[in-house]
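Peer 1: The opening position of the sequence shown corresponds to residue 0 in numbering that gives the first Met the number 0, with each subsequent residue numbered one higher.
Keep in mind that the hints were calculated from the coordinates and are not lab data. Some hints could be false.
Each computed BS3-like pair below joins lysine-lysine, with the alpha-carbon atoms no more than 30 Å apart [unchecked claim]: (1) 165 / 109; (2) 78 / 122; (3) 16 / 63; (4) 63 / 159; (5) 159 / 109; (6) 109 / 78; (7) 66 / 83; (8) 205 / 109; (9) 205 / 122; (10) 105 / 16; (11) 148 / 16; (12) 8 / 62.
Beta-carbon label-pair distances, calculated as ranges [said to hold, decoys possible]: (13) 52 / 82: 23 to 29 Å; (14) 57 / 15: 20 to 26 Å; (15) 120 / 202: 33 to 39 Å; (16) 82 / 146: 17 to 23 Å; (17) 211 / 111: 28 to 34 Å; (18) 38 / 118: 16 to 22 Å; (19) 8 / 208: 24 to 30 Å; (20) 205 / 122: 20 to 26 Å; (21) 158 / 5: 42 to 48 Å; (22) 59 / 198: 31 to 37 Å; (23) 86 / 109: 43 to 49 Å; (24) 117 / 15: 51 to 57 Å.
Backbone N, C-alpha and C fix where the C-beta goes; we use that ideal spot for every residue, glycine too.
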Amino acid sequence: MTNQERFNKGETITFSKPTIVLGSGSPQRKDAMERAGIPFEVIVSTFDDGTVNFDYQHANVSKKQNKLYAMKMSEEKIKPFIGKIINGAVVTADCTVLCDGIILEKPLVKEKLIEIHRFISGKTVYVFTSYSVYYNGKVVHSIKISPVKVMKLSEEIIEKIGEDKKALLSAGFRIAGDIGDWLKICKTDYFNIHGLCPKHVKKQLKKVGFPG
């Protein structure tokens with residue numbers, strides 16, 4: 000039985016040596032950790048996003064309100080791990096994207112993906128990436144906000160984006176694939192808008208006392 004299966008059953012997972020656990024099944028977060036050379040094991044949180052998602056409005060949202068929403072998501076994702084992971088540091092993260100007071104969710108279908116990119120064309124979107132890290136009874140929460148300027152998009156480019164199936168599961172805009180030349184990253188971190196900033200994760204691991 001895998002650690003994921005044992006965790007899903009409610010069992011306590013004990014590691015023989017200090018281990019980093021990525022509490023997310025996101026390919027982008029996994030890729031960011033691997034690129035940074037951070038060894039880890041994946042055990043996906045059993046938290047259901049929908050239990051929080053529907054408690055928050057998604058229109059006429061201020062940056063402050065969106066920050067609270069983003070933080071709540073990562074905080075809830077970490078809760079199932081507390082007391083259930085021994086000798087392991089768990090990292091959870093969540094991204095929400097805000098543009099003109101609208102929270103942009105994962106499009107899931109081509110039509111919504113195209114609609115979102117028509118909406119953000121020529122605007123600045125804000126990526127709120129929240130982090131929660133748990134180790135040895137201690138939990139820290141943090142957030143990084145990244146502004147991204149979207150260039151004016153032609154219908155040709157928008158239609159091309161609509162064909163990117165990976166982007167269907169990427170909140171807000173096309174970041175699942177390579178960053179397109181229609182995006183200008185403004186004073187931010189490439190990896191943060193991909194779902195996880197390894198440098199920030201290392202700082203949070205240090206705060207909870209994880210060795211190494």
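Peer 1: Okay, residue 38 versus residue 118 on CB: inside 16 to 22 Å?
Peer 2: violated, 40 Å
Peer 1: Run the distance test for residue 205 versus residue 122: straight-line Cα separation, threshold 30 Å.
Peer 2: violated, 36 Å
Peer 1: Could you say whether the range 20 to 26 Å given as a hint is met by the Cβ separation of residue 205 and residue 122?
Peer 2: At 36 Å between Cβs, range violated.
Peer 1: Does 31 to 37 Å hold as the CB distance between residue 59 and residue 198, or does it fail?
Peer 2: holds, 34 Å
Peer 1: Assuming the hint says 17 to 23 Å, is it satisfied by the Cβ distance from residue 82 to residue 146 or not?
Peer 2: violated, 37 Å
Peer 1: Would the hint linking residue 205 and residue 109 be met if the CA-CA limit is 30 Å?
Peer 2: Roughly 41 Å between the alpha carbons, so the hint for residue 205 and residue 109 is violated.
Peer 1: Does the alpha-carbon distance linking residue 8 and residue 62 stay inside the 30 Å limit?
Peer 2: violated, 38 Å
Peer 1: A range of 43 to 49 Å was offered for this pair. Does it hold for the Cβ distance of residue 86 and residue 109?
Peer 2: holds, 45 Å
Peer 1: 33 to 39 Å was suggested as the range; check whether the CB atoms of residue 120 and residue 202 agree with it.
Peer 2: holds, 35 Å
Peer 1: Residue 78 and residue 122 were given as a pair; does the straight-line alpha-carbon distance stay at or below 30 Å?
Peer 2: At roughly 36 Å apart (the allowed maximum being 30 Å), residue 122 and residue 78 break the hint.
Peer 1: For the pair supplied as a hint, residue 109 and residue 78, confirm whether the alpha-carbon distance does not exceed 30 Å.
Peer 2: Not OK: residue 109 and residue 78 at ~34 Å, beyond 30 Å, violated.
Peer 1: Using the beta carbons of residue 57 and residue 15, state whether their distance is inside 20 to 26 Å or not.
Peer 2: 44 Å Cβ-Cβ, so the 20 to 26 Å window is violated.
When held up to the earlier numbered hints, the structure conflicts with 2, 3, 4, 6, 8, 9, 10, 11, 12, 14, 16, 17, 18, 20 and fits the remainder.
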